[in-house]
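Just so you know, the protein sequences line up as chains A and B, in that order.
Those letters in the first sequence? Residues 1 to 49, by the numbering used here.
Those letters in the second sequence? Residues 1001 to 1153, by the numbering used here.
Please keep in mind that the hints were generated in silico from the structure rather than gathered at the bench.
Don't take every hint at face value.
[Stated by the list, open to error] Residues from chain B that keep clear of chain A, each with C-beta distances beyond 12 Å, as calculated:
hint, residue
1, H1043
2, H1082
3, S1109
[What the hints assert, rightly or not] Label-pair restraints from in silico Cβ distances:
hint, chain 1, residue 1, chain 2, residue 2, range
4, B, Y1098, A, I15, 21 to 27 Å
5, B, E1047, A, V42, 30 to 36 Å
6, A, G5, B, L1019, 21 to 27 Å
7, B, E1105, A, S14, 21 to 27 Å
8, A, S14, B, E1045, 26 to 32 Å
9, A, M3, B, E1045, 21 to 27 Å
10, B, E1026, A, V23, 31 to 37 Å
11, B, D1104, A, I44, 35 to 41 Å
12, A, R10, B, P1014, 20 to 26 Å
13, A, M1, B, E1105, 38 to 44 Å
14, B, R1112, A, G38, 56 to 62 Å
15, B, R1112, A, V42, 42 to 48 Å
All C-beta atoms in this analysis are idealised placements derived from N, C-alpha and C, irrespective of residue type, glycine included.
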Amino acid sequence: MDMNGEKIERAAESIPASLRPKVSFVVTDIAKVELPPGAYDVAILSHSL
Amino acid sequence: MVHALRRIYRSLRPEGVLLDLHPQPEHAGVEVWLGGRVERLGHVEQEEDIRDILEARARLDLVEGDGWYLTERRRFFDLLSHFPSAEEWLEYQAREGYTGVVSDELLASANRLLAAGGGEFVVREPIRASLLKRLPRPGSDDPRPGFGALPGK
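Work the whole structure out from these sequences, hints included.
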C-alpha cells in the first residue's frame, strides 16, 4: 500500500513473475483503508511513519 | 499516524507483529566509492525529515505507552543507496519527492572524484528497525484472545 500511485505502478511492473500470484498492490492511505479485522500475521511499515 | 497504528492493530491477529523501519533522526552521509577507497564528503541536509521522524517517534511511543504494542526487538543498520553520479542521485531525489539537499561544495567534490568514471555516489542512511508485538487486551467483550476492548476506549 502506498499513497503514491507512480510508486505502486513501478512496483507492480518490476515484481518478479513468480511473485505476481502472491502479491497485490494498492494505492491508498493506511489511515483510511478498510482492513479486515484479525486477518494478518505481520504488518510492515517501511519509511511510513 | 496514531489512527493508522490503531487500524493496523485491529487488522493483526492476536499474536501478530508490526515491523517498522524508518530512518534515524540523523543526516544521511554522502560518500564516493572509487577504486577500493571510500571518500566521506559530508551529509545530506534533512532538517525537515529529522523533525518529522522525531514527531512520528513520539506518536509511536504514545501508542506503545497506551498498551497497544510492545517493542520486542530493535536493530540498527545503514541503508546504502548507490548511484553512478551525483546527477543521478539528484534526479532520484526529485522523482521521489525527497527534500534533502547537499552543498554545492559537496557536489563539486563528488563530480571531480567521479569524473574519471568507475566510481559510485553513495548515500548512507542510518535505519532503525523495530519488531513490535501486538498486545492482548484484558477485559474483553470479545472472547477471542487479543480481541478485547481497544486501548483508549
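To see whether the hints hold, each was checked on the structure:
| no. | hint | verdict |
| --- | --- | --- |
| 1 | H1043 | holds (18 Å) |
| 2 | H1082 | holds (17 Å) |
| 3 | S1109 | holds (28 Å) |
| 4 | B:Y1098 with A:I15: 21 to 27 Å | holds (23 Å) |
| 5 | B:E1047 with A:V42: 30 to 36 Å | holds (33 Å) |
| 6 | A:G5 with B:L1019: 21 to 27 Å | holds (24 Å) |
| 7 | B:E1105 with A:S14: 21 to 27 Å | violated (35 Å) |
| 8 | A:S14 with B:E1045: 26 to 32 Å | holds (30 Å) |
| 9 | A:M3 with B:E1045: 21 to 27 Å | holds (25 Å) |
| 10 | B:E1026 with A:V23: 31 to 37 Å | holds (32 Å) |
| 11 | B:D1104 with A:I44: 35 to 41 Å | holds (38 Å) |
| 12 | A:R10 with B:P1014: 20 to 26 Å | violated (35 Å) |
| 13 | A:M1 with B:E1105: 38 to 44 Å | holds (40 Å) |
| 14 | B:R1112 with A:G38: 56 to 62 Å | holds (57 Å) |
| 15 | B:R1112 with A:V42: 42 to 48 Å | holds (46 Å) |
Hints 7 and 12 from the list above are not met by this structure, while the remaining hints are.
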